[in-house]
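From just these sequences and the hints, can you work out the full model?
There are 2 protein chains.
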Amino acid sequence: MTETKASIADKRDALSAALGDDLVLTEADDMARYCTDWHGDVTSGAVAVIRPRSTADVQAAIRICRTLGLSIVPQGGNTGLVLGGTPDEPESQIVLSLERMSRIRNIDSDDFSAVVEAGCILAQLKDAIAEKGMFFPLALGAQGSCHIGGNVSTNAGGVNVLRYGMTRELVLGLEVVLPDGSVFDGLSTLRKDNRGVDLKQLFIGAEGTLGIITAVSVKLAPYPDHAATALLALNSLKDAITLYRRARRDCCDLMSAFEFLPPLAFTLAKEAIPDLPIPLRADYPAYVLIEISGSGLVDIDDLMQRFLEGVMESGLVVDGTIASSSSQARNLWLIREGMNEGQAKRGTHMRTDISVSLSQLASFVADAEAAVKQALPDCISVSYGHVGDGNVHLNVMPPNGATPEERHDRIHKAKTVVNAVVDRYQGSISAEHGIGRLKRKDFEERLSDTKRRLLIAIKRAIDPDLLFNTHCQINLGAVIDEPD
Amino acid sequence: MTETKASIADKRDALSAALGDDLVLTEADDMARYCTDWHGDVTSGAVAVIRPRSTADVQAAIRICRTLGLSIVPQGGNTGLVLGGTPDEPESQIVLSLERMSRIRNIDSDDFSAVVEAGCILAQLKDAIAEKGMFFPLALGAQGSCHIGGNVSTNAGGVNVLRYGMTRELVLGLEVVLPDGSVFDGLSTLRKDNRGVDLKQLFIGAEGTLGIITAVSVKLAPYPDHAATALLALNSLKDAITLYRRARRDCCDLMSAFEFLPPLAFTLAKEAIPDLPIPLRADYPAYVLIEISGSGLVDIDDLMQRFLEGVMESGLVVDGTIASSSSQARNLWLIREGMNEGQAKRGTHMRTDISVSLSQLASFVADAEAAVKQALPDCISVSYGHVGDGNVHLNVMPPNGATPEERHDRIHKAKTVVNAVVDRYQGSISAEHGIGRLKRKDFEERLSDTKRRLLIAIKRAIDPDLLFNTHCQINLGAVIDEPD
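Taken in order, these protein sequences are the chains called A and B.
For the first sequence, counting from 1, position 52 maps to 52 in my numbering; every step adds exactly one.
For the second sequence, counting from 1, position 477 maps to 1477 in my numbering; every step adds exactly one.
Careful, some of the hints might be misleading.
[Said to hold, decoys possible] Computed cross-link-like contacts, DSS-like style, restricted to lysine-lysine with a CA-CA straight-line distance of at most 25 Å: (1) A:Lys441 / A:Lys413; (2) A:Lys415 / A:Lys345; (3) A:Lys132 / B:Lys1238; (4) A:Lys238 / B:Lys1219; (5) B:Lys1345 / B:Lys1373; (6) B:Lys1413 / B:Lys1441; (7) A:Lys126 / A:Lys219; (8) B:Lys1126 / B:Lys1219; (9) A:Lys451 / A:Lys415; (10) A:Lys451 / B:Lys1219; (11) B:Lys1238 / B:Lys1373; (12) A:Lys413 / A:Lys345; (13) A:Lys219 / B:Lys1238; (14) A:Lys219 / B:Lys1219; (15) A:Lys238 / B:Lys1132; (16) B:Lys1415 / B:Lys1441; (17) A:Lys219 / B:Lys1451; (18) A:Lys373 / A:Lys413; (19) A:Lys451 / B:Lys1451; (20) B:Lys1373 / B:Lys1415; (21) A:Lys219 / A:Lys132; (22) A:Lys373 / A:Lys415; (23) B:Lys1415 / B:Lys1451.
[Claimed, not checked] Which residues of chain B face chain A? A few of them, derived with a C-beta cut under 7 Å, are: (24) Asp1111; (25) Phe1184; (26) Gly1294.
Note that these hints are calculated values from the structure, not bench results.
Even for Gly, the Cβ is constructed at its ideal location relative to N, Cα and C.
Here it is, written out as structure tokens:
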């Protein structure tokens, strides 16, 4: 024990000597926020937190960590939900925070592109782009804190995926520092470039296991200055899916969000935001929050009006309200966001991030909720999500007075129950949040031999010494230590 | 020589014995069309052409080829433009044609997805999908012959990229047979699936160097039953780019094509299709073919009308014609297609497939055409392409009476001249056609050390024995034979 401590102190000294005190944090208090996850559920420690100011600093950090045998956990805004950016071995890992590399290098509205450093906060990037009349479509709850580099590393999703795609589809180019310390300079803004294997794809969604993303070039769209938002009540989730299909056709490519909510959303939102106005009766079986948006000559309000007339006339939508101002639209979105806060206020609960095929979404939710009800009759399921992507967050809340142990037990059981239904539907246990350390075991259990072999072969090819984000995604350490 | 011939005959016998005569062609006449490229420019031979009927057949073919030390050149519809799907070593390669694996496994309009075998002809897939009221957006000149598997392997582009993206963005899942004979089963139709590194991305655009794609699942959109097409005349290519920016904003995400053409397009199209109606004066400096399309409630004709009123009033567009029927629209597109045929009729010429950033497209074309004019005053440049993607096909035609040797000499010089301008603009020498064998040297010369090392590491990791598509993209043989 004394030996390890001494050795950690030596390593800290060596890091400071190599990189300068300005880049290196080693005090427990200073490191705490980098070593605790977004939900505050899991706290660990690290040998140090390194905060580079430049790509060259990242290269220097990798070199000294390699020499000292330290593994590197890259971290963006630390808003991940699967423990991919926080350390789990305090004596052998450092956290590399990109927060100081936050410069927007260029926004070119003539070229529909922007180039930005990894540590730029998403909302700041979106705002700077909007000031130039342009739009960066990535939109998620954490956008006031998350970094664009983390978004790319985790291939973040969010509410606009159905129109604009996941982060992957918004990336034009990347600058990445590799485990050997060299820089992959792929920071092009070309929209079409078909020169061989597209290497940057490897780093998108790899959660820092193959490289450290230091800068990103992204696609922009014209700013959609017209938006129409409506909250609609329906008789079932099945009807919500029918409505989605109709909306896709009727509104063409102009639908930018289509979220479904259960009636419980209103109760939960009110618990978080007591004075939030609820503009509809709260006892319909299902609700949809829909947004249509666009720029230029298309009359978005008229399109929403005619769409709603049609679907109300056909009986598919039984009640609804259109926001008549942007503040009303904001309040409708606050129901969606407040629902999440309300769940958090009720205490630790099981969160999932599931996708199934769109045509099976309604029956999946019915089956999974029934399975939870049978196995855990005192728990409450709440399912909501991005219908058009087949993405549902089916969360399970233990009863209000449950002790931490009881909660832990319920959450553990609920996960097993729900994952079994996901497997039956050939769904994904991670539609948008990634794998990180939290879902690694569940991920590994579901990997085919071929996929596992490929993942290991690629990791070995790029990071043979397992320097980057060990224990994230798959536990390569254990595998690679085996004889061939 | 006798020894080699004997050995080839032995290998042919071994292939037939292992796979059955039905799968194996070995007669030169039978193999000719598989060993000659789309343009008929380059003819080679092969030990055999293998035509599997199933994924299991592909696995069996790989096993026997491995035993015999034969390298495998996968081939789709053989419409590639860069010699990626035709052999170049008659005594050590076999062609693996996917043409018999052409079944559409499923079209699910409720799920906005389809699953199809690699050898299905793109136009047949598009038609079958259209019959179900759905739309597969990939659209290119070769669609009557090319295969979906080849489209994915080459990450094909085409005229609808600006709205729907390259093939990569249309792929939901892949089934791939790997060099070790195992099957990567990633044929999911999930729209969101963020479980770790997205392995399928490796095979998209790899031109068969890492795996043989045997089936594909793709994203569908609602069929755009309304389309408006117009041909517009402008004072310059620069104005065409300004027009594109305005169209992106005014028509929001409903613009599906925006092609620019030079005045020479009409002459060339007439040479190929003498009775083609030309609805505009043919002496303006630049032309644009624009298509707006959509389904449902958006009034596309009205949108086109109002857009054109605005841009003609502002003087940006100086003349124009809107197709008033689908046959008129077809005729406008025939100008675009006839222009290509007309170039082919004038004899062998230099074809390019360049991208630069959108904001630099006009000055790039001016600079590159001027450089060609200076170096090769007797040649004619013709530049056209997909403006919104920054993609220009700048082709150079030798004078009409040139001998084959003179043509070859002009083409060689023109390539050097144009590529130098591409490099100055940090553009791509392959925006959509890929690298294949034709552009390998030009590609390799422009690779950074880091990218080269990564490409080699990945190839080594997945295909250590260099079984798949040797000499395509990079000449790994030469590199891997070197001592480390």
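Restraint status (C-alpha distance of Lys1345 of chain B to Lys1373 of chain B at most 25 Å): Since the Cα atoms of Lys1345 of chain B and Lys1373 of chain B sit roughly 22 Å apart, the hinted pair holds (cutoff 25 Å).
Hint consistency between Lys132 of chain A and Lys1238 of chain B [alpha-carbon to alpha-carbon, up to 25 Å]: Roughly 21 Å between the alpha carbons, so the hint for Lys132 of chain A and Lys1238 of chain B holds.
Hinted pair Lys219 of chain A and Lys1451 of chain B, Cα distance within 25 Å: Distance of about 23 Å is within 25 Å: holds.
Distance restraint between Lys1238 of chain B and Lys1373 of chain B, which requires alpha-carbon spacing of 25 Å or less: Between Lys1238 of chain B and Lys1373 of chain B the Cα gap is close to 20 Å, so the pair holds against 25 Å.
25 Å Cα cutoff - pair Lys451 of chain A, Lys415 of chain A: holds (24 Å)
Given hint Lys413 of chain A paired with Lys373 of chain A - CA-CA distance at most 25 Å: This hinted pair holds, its Cα atoms lying about 12 Å apart.
Lys451 of chain A paired with Lys1219 of chain B [C-alpha distance capped at 25 Å]: holds (23 Å)
Hinted pair Lys1373 of chain B and Lys1415 of chain B, Cα distance within 25 Å: holds (13 Å)
Hinted pair Lys415 of chain A and Lys345 of chain A, Cα distance within 25 Å: holds (20 Å)
Pair hint Lys1415 of chain B and Lys1441 of chain B, alpha-carbon separation not exceeding 25 Å: holds (12 Å)
25 Å limit on alpha-carbon distance, applied to hinted pair Lys238 of chain A and Lys1219 of chain B: Within the cut-off at roughly 21 Å; holds.
Pair hint outcome, Lys1126 of chain B versus Lys1219 of chain B [Cα-Cα no greater than 25 Å]: Given pair Lys1126 of chain B, Lys1219 of chain B holds - Cα atoms ~12 Å apart, limit 25 Å.
Checked against the numbered hints given earlier, this structure breaks none of them.
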